[in-house]
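Numbers 1 to 436, taken from the numbering used here, label the letters of the sequence shown in order.
Please note that the accuracy of each hint is not assured.
Said to hold, decoys possible - No farther apart than 30 Å at their CA atoms in a straight line, the calculated lysine-lysine pairs in the DSS-like style are these:
1) Lys192 to Lys235
2) Lys142 to Lys67
3) Lys192 to Lys126
Unchecked claim - Quick list of simulated restraints, FRET-style, between CB atoms:
4) Met268 to Ser87: 33 to 39 Å
5) Pro153 to Ala199: 22 to 28 Å
6) Thr95 to Met268: 33 to 39 Å
7) Pro153 to Thr95: 41 to 47 Å
8) Thr95 to Asn121: 17 to 23 Å
9) Glu118 to Thr213: 29 to 35 Å
10) Gly103 to Arg418: 22 to 28 Å
11) Ser182 to Pro342: 30 to 36 Å
12) Glu118 to Asp89: 19 to 25 Å
13) Lys67 to Thr213: 36 to 42 Å
For the record, the hints were derived by calculation from the structure and aren't laboratory data. Built from N, CA and C at the ideal position, the CB exists for glycine as well.
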Amino acid sequence: MIRRTLMFSLLALPLAMSACNVNLQTKPPVPTPTPTFVPPSIPPGGQYSDSGIQVSGGSLYTQLTGKSGGIASATIALYGPTLATSSTDSSGQATLSPLEPGGGYRLVVSAPGYATQEVGNITITKQPQPISERLTMSQGAKVSGHVTAGGQPVAGAVVSDGLNSTMTDSQGAYSLDGVALSSVTLTVSKPKYSTGSHALTVAEQGATGIDFTLEPTQAVAYFDPSVSPGIPLAKFQGLQQALQNDGWQIAPQAPSQGGAWVLVSPSMSLPSATASQLASFVAQGGKLIVFGEWGGFAGFKNPDTNALVHPFGVHFDPDLIRDPAATNPDWPAVHSFAPNNPAVAGVNAWQLYQACSVFGVGPAAVLAQTGSGAYQVEDNAQMKPWAVLVGGPYKGGKAIAVGDASAFSDEDTDGNGRSNLQEADNQHLVTQLFDW
Numbered sequence: 001m002i003r004r005t006l007m008f009s010l011l012a013l014p015l016a017m018s019a020c021n022v023n024l025q026t027k028p029p030v031p032t033p034t035p036t037f038v039p040p041s042i043p044p045g046g047q048y049s050d051s052g053i054q055v056s057g058g059s060l061y062t063q064l065t066g067k068s069g070g071i072a073s074a075t076i077a078l079y080g081p082t083l084a085t086s087s088t089d090s091s092g093q094a095t096l097s098p099l100e101p102g103g104g105y106r107l108v109v110s111a112p113g114y115a116t117q118e119v120g121n122i123t124i125t126k127q128p129q130p131i132s133e134r135l136t137m138s139q140g141a142k143v144s145g146h147v148t149a150g151g152q153p154v155a156g157a158v159v160s161d162g163l164n165s166t167m168t169d170s171q172g173a174y175s176l177d178g179v180a181l182s183s184v185t186l187t188v189s190k191p192k193y194s195t196g197s198h199a200l201t202v203a204e205q206g207a208t209g210i211d212f213t214l215e216p217t218q219a220v221a222y223f224d225p226s227v228s229p230g231i232p233l234a235k236f237q238g239l240q241q242a243l244q245n246d247g248w249q250i251a252p253q254a255p256s257q258g259g260a261w262v263l264v265s266p267s268m269s270l271p272s273a274t275a276s277q278l279a280s281f282v283a284q285g286g287k288l289i290v291f292g293e294w295g296g297f298a299g300f301k302n303p304d305t306n307a308l309v310h311p312f313g314v315h316f317d318p319d320l321i322r323d324p325a326a327t328n329p330d331w332p333a334v335h336s337f338a339p340n341n342p343a344v345a346g347v348n349a350w351q352l353y354q355a356c357s358v359f360g361v362g363p364a365a366v367l368a369q370t371g372s373g374a375y376q377v378e379d380n381a382q383m384k385p386w387a388v389l390v391g392g393p394y395k396g397g398k399a400i401a402v403g404d405a406s407a408f409s410d411e412d413t414d415g416n417g418r419s420n421l422q423e424a425d426n427q428h429l430v431t432q433l434f435d436w
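Could you build all of it, start to finish, from the sequences and the hints given here?
Here it is as structure tokens:
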């Protein structure tokens, strides 16, 4: 059972008062240690999103087999009302539990050497079930190549066959695993570049040298005004100007293909037709960026937002993260970023102004996390690094969940004469996320 209950007043920690130092000898300042980035590992029971409500009884039992029997260490990812991920045991079995009962679940399974499989329209019930998804996996292959523009490598481009997705490294190289032995069409996309496609027939030995050459294009960003009455978009003029200075065009309506679609602290759900349009936009190479907030601040609606972003494998927890190591525990400064990831390369500090934790499954990875002493303000708080920025590819595009919106606003929350956007490396981080 998962239960999340906010108890802000009971766990508010007072700041420790520094003792007076009577030693007048001048000492050199002690450098702040660089936090070690430790990506969360998948425990035997899997990882699950915090649904924000009591969850009990819902389970999914799976078994994967190949030519030689059960497939061990296969990755299981479940998308739906609850996000969950696990890996199979030595017999090829895995159990995902607890899950919020309901319909609309989608299961994606992958294992080295096998073609990735997807099963949709799964319904989770509270009743105990036998193995509910038995999948026989067939051989898959790997496709690799490079993506360049003007003779230079393009890092962070998404290469996809419509189910599997990967990103190019700093040299523009990619390796896409789990591709079915059939005729497929690969696509490649990245903001500020044209999209590309390549049709091929994949054989048992896979395919190498499937290269793409892209052309520079105008990048378009759309800040959706229909979902953000709680935090008016007028407070993000500085961010929009910074993006324009970086080569982006701010569009008055949603782009049809490519670019970025931005949701700032959604307090209203999108109409179903618009949500379908957004899903198609991302699948075809667009980027979804969602700025969340803590515990419903400014009307932020976790359930509505998560219903929208769960298909992309990202999630917002209905919590508040505090860090006693910060000058003000409610305003943690993040210094821990995923190494060798172009999304956060060169970013040294991100000043948050209260934030929620975020979660991701599948290709979505943790990009930034708090220090190890941070905790959720709730009844079963535990101190550990909490993810506050996750993102990754979804089919042909990308989805990014950010645990704070006000960090990029024009407000001067701490009253020091600088906007929140201008604090630390906030502007560098957010413009880099758009370019990623």
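Hints and how they fare:
no. : hint                         : in the structure
1   : Lys192 to Lys235             : holds (25 Å)
2   : Lys142 to Lys67              : holds (19 Å)
3   : Lys192 to Lys126             : violated (47 Å)
4   : Met268 to Ser87: 33 to 39 Å  : holds (38 Å)
5   : Pro153 to Ala199: 22 to 28 Å : holds (23 Å)
6   : Thr95 to Met268: 33 to 39 Å  : holds (36 Å)
7   : Pro153 to Thr95: 41 to 47 Å  : holds (42 Å)
8   : Thr95 to Asn121: 17 to 23 Å  : holds (20 Å)
9   : Glu118 to Thr213: 29 to 35 Å : holds (30 Å)
10  : Gly103 to Arg418: 22 to 28 Å : violated (48 Å)
11  : Ser182 to Pro342: 30 to 36 Å : holds (31 Å)
12  : Glu118 to Asp89: 19 to 25 Å  : holds (22 Å)
13  : Lys67 to Thr213: 36 to 42 Å  : holds (39 Å)
Going through the hint list in order, the structure does not satisfy hints 3 and 10.
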